[in-house]
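> Sequence order for the protein chains is Y and C. Per this note's numbering, residue 165 is the first one in the first sequence, and the count goes up by one each step. Per this note's numbering, residue -15 is the first one in the second sequence, and the count goes up by one each step.
Among these hints, one or two may not hold up.
[As the list claims (entries may be wrong)] Straight-line C-alpha distance at most 25 Å; calculated BS3-like pairs for lysine-lysine:
{"no.": "1", "chain 1": "C", "residue 1": "Lys51", "chain 2": "C", "residue 2": "Lys117"}
{"no.": "2", "chain 1": "C", "residue 1": "Lys51", "chain 2": "Y", "residue 2": "Lys250"}
{"no.": "3", "chain 1": "Y", "residue 1": "Lys502", "chain 2": "Y", "residue 2": "Lys448"}
{"no.": "4", "chain 1": "C", "residue 1": "Lys117", "chain 2": "Y", "residue 2": "Lys331"}
{"no.": "5", "chain 1": "C", "residue 1": "Lys117", "chain 2": "Y", "residue 2": "Lys250"}
{"no.": "6", "chain 1": "C", "residue 1": "Lys213", "chain 2": "C", "residue 2": "Lys153"}
{"no.": "7", "chain 1": "C", "residue 1": "Lys150", "chain 2": "Y", "residue 2": "Lys250"}
[What the hints assert, rightly or not] Beta-carbon label-pair distances, calculated as ranges:
{"no.": "8", "chain 1": "C", "residue 1": "Arg79", "chain 2": "Y", "residue 2": "Arg453", "range": "19 to 25 Å"}
{"no.": "9", "chain 1": "C", "residue 1": "Phe157", "chain 2": "Y", "residue 2": "Thr520", "range": "27 to 33 Å"}
{"no.": "10", "chain 1": "C", "residue 1": "Gly49", "chain 2": "Y", "residue 2": "Thr220", "range": "44 to 50 Å"}
{"no.": "11", "chain 1": "C", "residue 1": "Arg106", "chain 2": "Y", "residue 2": "Ala341", "range": "50 to 56 Å"}
{"no.": "12", "chain 1": "Y", "residue 1": "Ala412", "chain 2": "C", "residue 2": "Leu268", "range": "51 to 57 Å"}
{"no.": "13", "chain 1": "C", "residue 1": "Phe157", "chain 2": "Y", "residue 2": "Trp449", "range": "34 to 40 Å"}
{"no.": "14", "chain 1": "Y", "residue 1": "Ala348", "chain 2": "C", "residue 2": "Gly322", "range": "48 to 54 Å"}
{"no.": "15", "chain 1": "Y", "residue 1": "Glu218", "chain 2": "C", "residue 2": "Phe262", "range": "49 to 55 Å"}
[To be verified] If you want the footprint, here are the derived chain Y segments under chain C, 3+ residues with CB under 8 Å:
{"no.": "16", "stretch": "262 to 273"}
{"no.": "17", "stretch": "333 to 340"}
{"no.": "18", "stretch": "367 to 377"}
{"no.": "19", "stretch": "412 to 424"}
{"no.": "20", "stretch": "428 to 437"}
{"no.": "21", "stretch": "447 to 454"}
Rather than coming from a laboratory, the hints here were simulated on the basis of the structure. All C-beta atoms in this analysis are idealised placements derived from N, C-alpha and C, irrespective of residue type, glycine included.
Spelled out from the first residue to the last, the chains are:
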Amino acid sequence: MLQAQIEIILIASVVAASCALVGSFLVLRRMALLSDAISHAILFGIVLMFFVVESTTSPLLVIAATLTGVLTVLLVEALTRTQLVKEDAAIGLVFPLLFSLGVILITRYAANVHLDVDAVLLGEIAFAPFSRFVVFGLDLGPQALWLALGVGALNLIFILLFWKELKLATFDAGLAAALGFSPALIHYALMTLVSVTAVSSFEAAGTVLVVALMIAPPAAAYLLTDRLPVMLGLSVGIGVLSAVTGFALARVLDASIAGSMATMTGVAFLLALLFAPQRGLVRKWTRGRSQRRQFAGEMLLVHLSQHEADPALAAEATIEHMARHMRWPEGFGQDVVKHLAREGFVSRVNGSLALTPLGREVAQSVMLR
Amino acid sequence: MDVVSIFRDLFTDYTLRTVALGSALLGLVSGALGVFAVLRRQSLLGDAISHAALPGVALAFLLTGSKQPLVLALGAIVAGWLATVLVLQVTGNTRIKPDAALGIVLAVFFGFGLLLLTFIQRLPDAAKAGLDKFLFGQAATLLGRDLVTMAALGGFALALVLLFWKEFKLLTFDPDFGASLGYPTRWLEILLITLMVIAIVVGIQTVGVVLMSAMLVAPAAAARQWTEKLNVMVLLAGLFGASVGLAGALVSSIVPRLPTGPTVVVFMSVVVLFSLLFAPRRGLLARARQRRRQKWQFAQEALAVHLLQHEGQPNEAVESDVSHAGRHMQWTAAFASGVVSRAEDNDLLSRRHDQLALTDKGRALAREAMER
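Starting from the given sequences, assemble the full structure and let the hints guide the process.
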């Protein structure tokens, strides 16, 4: 593998990890869509500052974009507070406007100067290794990698330093306020981090991948665990895995790297959605089926025990009769009886069903329940 | 280009006429359908659906090799539908909240769409060009056959809104009541979302998937400020959407290098801002004016009550002194004199030197205020 490819994978992995860190709190705080709003709106700040400094690598761009991100959140909140529009509509009004202004400015005045609309949506991670971080003639690797590492470290330090406050403000904002922590302060600090993370990922990954990386891995992790530290670790792991497999997919298809990574985060979420051990949909379906079968089996045992004294009815205790009596669908009765027989609760005598002593006991205990 | 020649071209120039008609149509349909999305707090579902349309378009092209608008629209409809079902299933069956479900569907579908789009662009096939206009929209590329498809789909959606007007109204404002009356609310909801998907598909070629949601949200949010009635709101939102779509598309066709979607969104945002500020009753300015009026009204009543309390009392002369009354109410001198002069203008009291005396009207107001 070429050095450039390794560097791309490294950048993507670090970006994915820091997105997953802040994204976890967004998902838990039900603010996932603010990441969408922020990642679109910061384009406006980036473009405006680009006209001032006329450079795409100036750190001032990051600052301007971060401020725009926080401004977006403030605007959404102010608009919601007027009570003229609901919060979802407020989000849907603010970021398209800022994003549109950004796109118009780029296409009108900045076309062909390294800022172009495709790069905004897709990111330029394929070109990221080309701008090097050189100190005193020493090549220290791609700039994007250092930026991603810096922001990732910032996120990690913030989360470790304010772990208790973040946890409290996320799960019980009322209690946090009552104990004297300011949920608002934590909120805006987090929004600033989201903005910084979005900007730092923006150049490498584009608007959309940022949203995918911030939300999908934490949401997948949320389906897998109930513990916050585990969730953070899992979402970082899922994010990095999606980044690496996404890169591979893009190589195979010769397609957009950002698009492939976003797709892989979706695949990861889908896998968690289906196969999570406790909350997965497959587990949910099978649990429902086995519960239905167990209930039906118990009902059958009770029915048999009720009619044991009556020899005429006992003779009619065939599977077909029972299934008709219980209004079970075709095949279900066979299934139920098979399981009861395997457990040793019923035995088949000349085609009709009879309770075993064990089955009689179970029927008794069900009736007493 | 001057205004007159633009208008002349509007009727004679084929491209310009197509662009104008297409954008007006898009604005009308998405504006009207957006009302339901906004009122039902599903604004961002529109965003997710429109992003989700991208892989639908790309897959439809990949599978059929055709760029027929109806084929691409069908692909978009299927993808938008799938996105909606996913969002509803995930929120209904897991502990994932709607915001996260929407975000995932939006970003992942769009990412997958970009993956397909870049994949298509590298295919050795000449017919691939033009799909990327679905990102930001390019009204100038609208063709007559696009217009026919848009008109058919949009007309179908609007006709169904009219047909199910009563049901949709109930679904929007009181779905539980609707269910208790025996309406199949679940099916109605699916139908309404399907119509929203259609409205989005009608618009994406002009506005692009990235900004299509703004065309659902903004006209409805603007229209909401001017009326309390659903039918007026739908009409207004359709009107706003159509006129702004028209204006934005025309400007972007005439000015070089101006993408249609962003232009329309900026124009639409101006309309929203204007509505938020200047709408009668609900608007921010109207509310500020009303608050100010209430403040003065309340102060006058308070002063009248104060004067009435001390009428005929031994300390009446002291209490009805202008400066004393103001101090008593903890008003600034300027505010106190403002209150007194307003009360005088309203014939509530008369003033002789520094002594205030209630008129009959002022007395009546004070009594009424005390009984409230």
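> Determine for every hint whether it applies to the structure shown.
Okay, the hints, checked on the actual structure:
Taking the CA atoms of Lys51(C) and Lys117(C), the gap is near 12 Å; set against the 25 Å cutoff, the hint holds. The straight-line distance between the Cα atoms of Lys51(C) and Lys250(Y) is roughly 38 Å, outside the 25 Å bound, and the hint therefore fails. A threshold of 25 Å between alpha carbons decides the hint, and for Lys502(Y) with Lys448(Y) the separation of about 23 Å falls inside it, so the pair holds. Taking the CA atoms of Lys117(C) and Lys331(Y), the gap is about 44 Å. The hint is violated against a cut of 25 Å.
Of the supplied pair hints, the one linking Lys117(C) and Lys250(Y) is violated, its CA atoms being roughly 31 Å apart against a limit of 25 Å. Note on Lys213(C) and Lys153(C): the hinted pairing holds, with a Cα-Cα distance of about 11 Å set against a maximum of 25 Å. Between Lys150(C) and Lys250(Y), the direct Cα distance comes to roughly 24 Å. Compliance with the 25 Å bound is thereby established for this hinted pair. Between Arg79(C) and Arg453(Y) the C-beta distance comes to about 22 Å, which sits within the given range of 19 to 25 Å.
Checked against the hint of 27 to 33 Å, the C-beta distance between Phe157(C) and Thr520(Y) comes to roughly 60 Å, which is inconsistent with it. At about 38 Å, the CB distance of Gly49(C) to Thr220(Y) disagrees with the hint of 44 to 50 Å. Distance hint check: the CB atoms of Arg106(C) and Ala341(Y) are about 54 Å apart, consistent with the given range 50 to 56 Å. Range check, Ala412(Y) to Leu268(C): about 53 Å between beta-carbon atoms, so the 51 to 57 Å window is met.
Between Phe157(C) and Trp449(Y) the CB atoms are about 35 Å apart, so this pair conforms to the stated range of 34 to 40 Å. For Ala348(Y) and Gly322(C), the hinted distance range of 48 to 54 Å is not satisfied, since their beta carbons lie about 36 Å from each other. Between Glu218(Y) and Phe262(C), the C-beta spacing of about 39 Å breaks the proposed range 49 to 55 Å. Restraint check on the stretch 262 to 273 of chain Y versus chain C: 7 residues with Cβ-Cβ distances below 8 Å, three needed, restraint holds.
Check result for the stretch 333 to 340 of chain Y against chain C: violated, 0 residues qualifying (beta carbon to beta carbon below 8 Å, three or more required). Counting residues of the stretch 367 to 377 of chain Y whose CB falls under 8 Å from any CB of chain C gives 4; the rule of at least 3 is met. Residues of the stretch 412 to 424 of chain Y with a Cβ under 8 Å from some Cβ of chain C number 9, which satisfies the need for three, so the listed coverage holds. Only residues whose beta carbon comes within less than 8 Å of a beta carbon in chain C count, and the stretch 428 to 437 of chain Y has 4; three or more means the coverage holds.
With 1 residues bearing a CB less than 8 Å from a CB of chain C, the stretch 447 to 454 of chain Y misses the requirement of three and the coverage assertion fails.
When each numbered hint is compared with the structure, violations occur for hints 2, 4, 5, 9, 10, 14, 15, 17, 21.
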